[in-house]
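Number of protein chains: 2
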Amino acid sequence: MNFCSHCGAPVSLRIPEGDRLPRHVCDNCGAIHYQNPKIVAGCVAEWEGRILLCRRAIEPRHGKWTLPAGFMENGETTAQAAARETWEEACAVVVGAPGAAAAATEAQGADLSLFALVNVPHIHQVHLFYRGHLRDGRFAPGEESLETALFAEDEIPWAELAFRSVRFCLEAYLADRKRGAFGLHSCDLPPPPPEFL
Amino acid sequence: MNFCSHCGAPVSLRIPEGDRLPRHVCDNCGAIHYQNPKIVAGCVAEWEGRILLCRRAIEPRHGKWTLPAGFMENGETTAQAAARETWEEACAVVVGAPGAAAAATEAQGADLSLFALVNVPHIHQVHLFYRGHLRDGRFAPGEESLETALFAEDEIPWAELAFRSVRFCLEAYLADRKRGAFGLHSCDLPPPPPEFL
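First to last, the protein sequences are chains A and B.
Last residue of the first sequence? That's 197 in the numbering used here, and every number before it is there in order.
Last residue of the second sequence? That's 197 in the numbering used here, and every number before it is there in order.
Don't take each hint at face value.
Unchecked claim - From the structure, some residues in chain A lie toward chain B, with a derived Cβ separation under 7 Å:
no. : residue
1   : Gly63
2   : Thr77
3   : Pro121
None of these hints come from the bench; they were simulated from the model.
Ideal Cβ positions, reconstructed from N, Cα and C, are used throughout, including at glycine.
This is chain A alone, in the form it adopts within the complex (with noise of 0.2 Å):
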């Protein structure tokens, strides 16, 4: 950040009085611009056994399989965001139970369930996976995929996966669906090897 974005004049990086973290501040009108870390919002959608993952098309990860996932919007509930970019990433309604009924819109959300909180600090994300069910069975490939596919559990592509938080996130759930019961996971994630950046 160089500029206030609200009266263009250069901002400067310092701590403001009561304050304890530098932030860029505006030398002109005093403007004090925070940075947060963002919410990713994805989904775990299941249908008769197997589990909707998407091949990226676009960077980073070009051409590796993730849950289909992406940045929360302002004025959604992280449900909704899970469930839209399920809807955008792979053409799929999803739904909280098999068989539930038909949201009122194509990316609602409302009756999934939380099941994974992965902090990832060294790039100021939190990512929030929510579990569901395809309503109909029905998925294709989005503008950001180009591929998508259920996967059973003995073949999820472990060597391709795009992600470190979507490996941990289909992990619990494979565990969780064996001993029959779910629940909310937690995990911090430190920043990757050289190799992985």
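Dock chain B against chain A, hints included.
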């Protein structure tokens, strides 16, 4: 947002190619400035059965009672943010269980449990509350608090609470404590009626 924080030129509000929502786009350098929801993290911290609340010394809701909570910062985890805010607003160290070992730092929060997720979409916030216990029963008003106090269940100042998410969290906490099992609670808050704006 009026100016590009990267190059200082004016921005326009328009839908970038391939996007579906209006963004602030720089007319000069093309930078797209996304705005995303912020996370507020806080704690329900107990000591000998009573719950720690803070009376706010700042707006909004100056003079009202709240759970210690505030905006998550870049570079920290959600639990660290919850513990840090409890330290800053109430000078209290929280741990996951009564008698748990002291954290390595005063605001680590690594062993706290996520208890509530409250969406507040009309102000682009997600509130996360963690469960914890005071490490040693010590607390005092931080700079943003007029006073801090422990409240038994029948002493909680329900009519003087600052935020609806705090009420939701306290009600869920007391109900869970009564039944002897803590779950994860989630709700979406609609915009308040005008008199509570």
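Right, here's what the structure says about each hint:
| no. | hint | result |
| --- | --- | --- |
| 1 | Gly63 | violated, 19 Å |
| 2 | Thr77 | holds, 4 Å |
| 3 | Pro121 | holds, 5 Å |
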